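Chemist: The lines below spell out each chain.
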Amino acid sequence: MDFLVFQYPMISVQACLDGILLGILFALIAYGMALQWGVMNIINIAQGDLVILGGYIAYFMYLYGIHPAWGVIVSPIIMFFVGIAIYKLVINKVVDRDLFISILATFGISILFMQLMNFAFGADVVLANSDYGTTMLFNNNVVLPNSKIFSAFISILFAICLVIYMKKSKLGRAIRATAQNARAAKILGVDTEKVYAATFGINAALCGVAGALISITFTIHPYMGLPYTIRSFMIVIIAGLGNLPGVAMSGMGLGVFEEFADYILGTEFRIGSVFLLLVLILVYRRFKLSRKREYLK
Amino acid sequence: MKINKIIVSFISAAVILLSTSVVSFAKVVGDKIVLGAAISLTGKYSSNGVHTQNGYNMAVDRINSMGGVKVGGKTYKFDIIYYDDESNPKRAAQLAERLISQDGVEFMLGPYSSGLTKAIAPVTEKYGVPMVEANGASRSLFTKGYKYLFAVLAPANLYLDVAIDLAVEKNNGKPVTVAMAFEQDAFSQDVRLGVLEAIERTGSKQVIDDKLPKELNDMAATLVKVKQMKPDVLVVSGHTKGALTAIRQISEMKVDVPMLAMTHCDAAKLSKQHGKNSQYALCASQWHKTLTYKDDFFKDGMTYDADFTKEFGYAPPYQAAESSAALLVFKDAFERANSFDQKKVRDALAATNMQTFYGNIKFAEGGQNVDKPMVLFQVMCDDGGKCENKVVAPTKWASAKLIHPIPSWSQR
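Chains A and B supply the protein sequences, listed in that same order.
According to our numbering, the first sequence is numbered sequentially starting from 50.
According to our numbering, the second sequence is numbered sequentially starting from 16.
Because the hints were derived from the structure by calculation, they are not lab data.
Just so we're clear, the structure is a prediction, and the values are computed from it rather than from any experiment.
Keep in mind that a hint or two might mislead.
Coverage of chain B stretches by chain A, computed from C-beta distances (three or more under 8 Å per stretch; other residues unrestricted) [unchecked claim]: (1) 50-60; (2) 125-135; (3) 214-228; (4) 409-419.
Glycine included, each C-beta is placed from N, C-alpha and C at the ideal position.
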C-alpha cells in the first residue's frame, strides 16, 4: 500500500490524465471488438495480434524514413484487406456456429499470427519514434507526452468518423440491421455475407490504427497482443454490445482505475486489480439479472 | 488397400527412425566430439537464441580450424546437434531427454535464458551429462546443488549491485536513495535481490520498489513516482522491453535522475533505437569488446568483435561472446581430463581456471563463474548523434570516465 497519491495531489491529476488517454486508445480497440461481436457473434481472440500487426506497418514506415504518424492512414488501409482475407479464409466458415468454435478458430489465428510475425519481423522489441515532445502542465508537475495526446486525438477522430459512417451510409445501415436480426436483414435484401466481410475488415482497420498509435506511444513485440485482446474484451463486457458511449466511458474508466491501482496497490497489482474488477462486475450483473428473473416470475 | 498403406507407412517410419538413431548413436564418432544443444530458434527468445547459436558456431569453427581438441594423443573436432526448443521450457526438457537418450549425446551446451536452463538442468543432472551453459544467470540455478551444471557467466544478482556502489562512491561514500523497477520474472527478481543486498550493505534507502508486469510496455506510473521522490539512482530491469520502455518514457516525461542503471541495453540496441535520448544510461554487461582479457583462439575482445561482425554481419552482443566462451571451456576440460569419461570431464570442468577473451573462468561449488566481474558501460553520444557504449566501471576496466550526475533534460 502506498499513499503517495494522496500526499501529492498532482499525482492524482497525472494519473487521471494518463488513464484517460490510455483508456481512449483501448476503447478504440474495444469498439472494433464490440462491433464484430454484436454483428457476427464472434469473440476475436486475435484482436490484439491484429493491433500488433498494424503497429509493425507503422514501424516499417518509420524504418524507411516515413514519419510513423502516417501509419494511422496507411495501416488501416492495409489491415482492412488483411481483415477481409481472414474473413474469407476462416471466419466465414465459423460465423454461424456457436461461440466456442469461433473462439477456437480466432485463437488459432492468434497463434498463427504471433508465430508468423515472429518469423517475419524477429522477436526484438521495437518502437517508432515520433519526436513529438512533451506538454508540461501545472507548473511542470503534470507531464503528458504529446504522442499520447496525439493517440487519443486520433482515436476519437476515428471513432467519430465511424459513428457517422454507421449512421449515415448504406453499408452502415446494413451492418446495424444485420446486428439486430441477421435473418430478417437477409430477407429484406441485405447481403449479409458482404456485411460480415466488411465488419471484419473495419474491425481490422481499427486495430491497424490502434497498432500504429501503440508503436508511437509504447513498444511492440510479436507476443504482446494478448493483453490488448483481454483489455478490449473487458471493456466490452463492462459496456455491453452496441454501446459506443459505454465503450468509451468504460475504456477511460478502466484506464483511470488501472493507474490508481498502480499508485495505491503497487505496480504488481495493476493487471490483477483489473481482473478483480471484471469478476466483481460479472457477479454484480448476475446478481441483478437473477433479481430481475425472480421479479418476472 | 487402406490397411496395406498403413502397414507400409508404419514400416517406413520405423526404418527411418532406426536408421537415424543408428547413425547418431555415439557421443564421439570417429574424430568428432558431438555436443547437444536445445536452442530457441523460434518463439519469443529467438533473437537471443540466434546470438547464442552464432556464438557456439563461431567457436566450433575456430577451435576446429586451429587444431581441434587433443585427447589421448588423438585430435578431435567439435560438432553440435541443435534442436529448436521454440522458447518453451517443456519442449526444451523433452529435447534434452531426446539428445541424451536417443542421440546419445554425452555433453551438452546450454540453451538461451535462465528459464530454459532451469528446465534442462534436472535432465542433464539425472543422466550425469556435463553441461556448460552461457545464458542462464538466475541465482536459483546455482543453489540447487547441481553437480553437472557450469555457467561461464556471472549470476544475476551481480548485475546491478555495482551501480549502487558506484552511486555511493560518487556521493562521497554517503548512502543514497534508490528507486527500483523490476519485471516479475526469475532473472529480474534476482537482479533485484542483488540490488537490495547492495542497498543494505551501503546503508542506502529504497524509496520505490515497483514490480513490473511481464507484458510491460508502460511504466509511466513508476516514473511519476520517481519525479516526486527524486531518488539518487533509478534501477530498471525488464529485459529489452524494459530498457526500451524506460528510455522512451524517461525522455518523454523529462524525468531527471542523477543515475540510471539498466540491464539488456545492448540486446535492445538502445542507442540505435533511441539515439541521443539513451545517452548517459548505465548498463550492466557480462562482456564488452574493450576488456583486455586474452586467449589463443579469439585473441581479445576487439578481434572477436571484428571477426564476428565479418562472419555474421552484426556486432556481437555479450550473449554471443559468452556462448563462444563455453566451447573454450569444454575444450580445455576435455584436454585436461584427457578422456571422454563423463565423470572425469565433470571433475576437469569443476577445476577450470582459465582466461578467455570473454573473461576469467573459475567455477564455484554451485557452478557459477566467480572469477569474472560484471562491467557497467555508459551510453555516450557525440554532437553528431552517434552513440557508443563505453565501459566506466569497475575502474580497472574503464575506458571512459563516468558522467555523473546526468545533466537535466532542460540542459540537454
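Chemist: Taking the hints in turn, state whether each one holds.
Modeler: Checked hints:
1. With a threshold of 8 Å between beta carbons, the proposed coverage of the segment 50-60 of chain B by chain A holds, since 4 of its residues qualify and at least three are required.
2. Residue count for the segment 125-135 of chain B with a Cβ under 8 Å from a Cβ of chain A: 0. That is fewer than the three needed, and the coverage hint is violated.
3. Restraint check on the segment 214-228 of chain B versus chain A: 4 residues with Cβ-Cβ distances below 8 Å, three needed, restraint holds.
4. A stretch counts as covered by a chain when three or more of its residues have a beta carbon under 8 Å from one of that chain; for the segment 409-419 of chain B and chain A the count is 0, and the coverage is violated.
Of the numbered hints given earlier, the model fails hints 2, 4; all others are met.
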